[in-house]
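S.K.: Chain order of the listed sequences is H and L.
Using the numbering used here, the first residue of the first sequence is number 1101, and each one after it goes up by one.
Using the numbering used here, the first residue of the second sequence is number 416, and each one after it goes up by one.
Accuracy of the hints is not assured; some may be wrong.
Distance windows between CB atoms, simulated [what the hints assert, rightly or not]:
1) L/Ser418 <-> H/Thr1116: 44 to 54 Å
2) H/Gly1112 <-> L/Leu645: 52 to 62 Å
3) L/Gln425 <-> H/Gln1132: 17 to 27 Å
4) H/Thr1116 <-> L/Gln557: 43 to 53 Å
5) L/Glu456 <-> H/Asp1195: 21 to 31 Å
6) L/Glu456 <-> H/Thr1116: 36 to 46 Å
7) H/Gly1171 <-> L/Gly676: 42 to 52 Å
8) L/Gly676 <-> H/Asp1155: 41 to 51 Å
Using 30 Å as the maximum straight-line C-alpha spacing, the simulated DSSO-like pairs for lysine-lysine come out as follows [what the hints assert, rightly or not]:
9) H/Lys1103 <-> L/Lys586
10) H/Lys1122 <-> L/Lys436
11) L/Lys455 <-> H/Lys1157
12) L/Lys503 <-> H/Lys1118
13) L/Lys503 <-> H/Lys1157
14) H/Lys1134 <-> H/Lys1113
15) L/Lys575 <-> L/Lys586
16) L/Lys586 <-> L/Lys455
17) L/Lys669 <-> H/Lys1228
18) H/Lys1157 <-> L/Lys476
19) L/Lys575 <-> H/Lys1157
20) H/Lys1113 <-> L/Lys426
21) H/Lys1113 <-> L/Lys476
22) H/Lys1122 <-> L/Lys455
23) H/Lys1103 <-> L/Lys503
24) L/Lys503 <-> L/Lys426
25) L/Lys559 <-> H/Lys1118
Note that these hints are calculated values from the structure, not bench results.
Virtual Cβ for every residue (Gly too), placed ideally from N, Cα, C.
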Amino acid sequence: MNKITVTFIINGKEVTLKVGPKERLLDTLREQLKLTGTKEGCSVGECGACTVILDGKAVSSCLILTGQIGGSEVLTVEGLEVDGNLDSLQKAFIDCHAIQCGFCTPGMLISAKALLIHNPHPSREEIKTALEGNLCRCTGYEQIIEAIESAANK
Amino acid sequence: MISYEFLTTQKIEEALNYLDKFSKVHILAGGTDLLVNLYKESPRLPHFDYLLDISSIPELKVINSINNFIEIGPLVTHFRLINEPLIKNNFPVLMEAAYTIGSTQIRNRGTIGGNIVNASPAADLLPPLITLRAEVELTSRQGKRVLALEEFLAGPYKTKLQANELLTKIKIPLLGDNYYTDFQKIGRRKALSIARLSLALVTKIDEEGIFQDTRVAPGSATPYPQSLPLTEEAINGISIFQINLEEIGNIISKEMVSITGERWSTPYKKPTIAVLIKRALEKIIKEAKNNE
């Protein structure tokens, strides 16, 4: 099987990597780049744990081959913090206790970030739509929605 | 173990050359179905030696209004179908169906071309595209051909796409004045659900309130999406003030069962499809009465 050379931007930095033909963006992030904040849940695009922002849009990194994303820009949960300062969403998740086991949290944060990039003041319905592809089995969603509302109001 | 060589290109011409030169090539666009099948090593996935990624061909991402058609590139995502004014204003039935697909993540990545070529019995965009009389443009190195979508679909997960062809355009004729459309879908839950049953309805209601040119196509009701001519004929020529919705419900149930035969799901689907056509007609009739 041939290796593919791909150049893309990850959390603001350009990287050039050799990837396998079956290597998913999720695999590249976790195994080559050691960015393990992005989680593998269902592997079939239903749970949202592996959500990253690709060229400004929330996508499931388990459903993308890294060979496909040459020239693109990827943001993962590790890229939310800037110069040691947490993103306002991260702070709001802490303040609102929007975390229990934490497995869904990176995906939730990224889906919320993608929403706020395009829509800084979303309605509650718009927040729910942005999160419809992210499953959480602990919190019951209420605190997560509150956290996003509070970050958006700042 | 699935094993293949990965090919990618940004040009239609090069993609066609690959399709011509190599055999057993599988095309990858948004990947929202293919990557699931790869991960599960699904038996539905045909054997292939090459995976051709077309997802970064810019020409296949364009939406244009040309003469009396809207032309949609096959790489247009569900997200764009929901947000493009040309689609929203002309084909709300397509927009509504796109909105029910998957989740935000899936809609940002999945494409109209993938939904068509994958040809799932539950494909959400096929019923609206059939009722809109969509056509598909297929291109190979030998030239182009255009087929009506309904003719292009050949069975569950089967189309008439040849091994050397690429779907390059979806062409939808504009609806004239006095047309109404609706899309209904039932899933187990709102997000991420495969349609248990869906229905697209496009119809004209003339100045006297008479239904004309009615088009009905259900999803997940027949082995693959197709229009239901008996139901369409039963609605045509009837006034919106006199239509018997119970009767139309019975006709569509019977027509569905005449195609599928009695199956384990029939006791559920038979009354449910009647409800969907009633809901769609009620909505359209209300809109038409408000427009009077």
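S.K.: Does each hint fit the structure? Answer for all of them.
M.R.: Against the structure, the hints come out as follows:
no. : hint                               : verdict
1   : L/Ser418 <-> H/Thr1116: 44 to 54 Å : violated, 25 Å
2   : H/Gly1112 <-> L/Leu645: 52 to 62 Å : holds, 60 Å
3   : L/Gln425 <-> H/Gln1132: 17 to 27 Å : holds, 24 Å
4   : H/Thr1116 <-> L/Gln557: 43 to 53 Å : violated, 38 Å
5   : L/Glu456 <-> H/Asp1195: 21 to 31 Å : violated, 44 Å
6   : L/Glu456 <-> H/Thr1116: 36 to 46 Å : violated, 30 Å
7   : H/Gly1171 <-> L/Gly676: 42 to 52 Å : holds, 51 Å
8   : L/Gly676 <-> H/Asp1155: 41 to 51 Å : holds, 47 Å
9   : H/Lys1103 <-> L/Lys586             : violated, 37 Å
10  : H/Lys1122 <-> L/Lys436             : holds, 22 Å
11  : L/Lys455 <-> H/Lys1157             : holds, 26 Å
12  : L/Lys503 <-> H/Lys1118             : violated, 41 Å
13  : L/Lys503 <-> H/Lys1157             : holds, 21 Å
14  : H/Lys1134 <-> H/Lys1113            : holds, 14 Å
15  : L/Lys575 <-> L/Lys586              : holds, 17 Å
16  : L/Lys586 <-> L/Lys455              : violated, 34 Å
17  : L/Lys669 <-> H/Lys1228             : violated, 39 Å
18  : H/Lys1157 <-> L/Lys476             : holds, 16 Å
19  : L/Lys575 <-> H/Lys1157             : violated, 33 Å
20  : H/Lys1113 <-> L/Lys426             : holds, 27 Å
21  : H/Lys1113 <-> L/Lys476             : holds, 27 Å
22  : H/Lys1122 <-> L/Lys455             : holds, 13 Å
23  : H/Lys1103 <-> L/Lys503             : violated, 42 Å
24  : L/Lys503 <-> L/Lys426              : holds, 29 Å
25  : L/Lys559 <-> H/Lys1118             : violated, 37 Å
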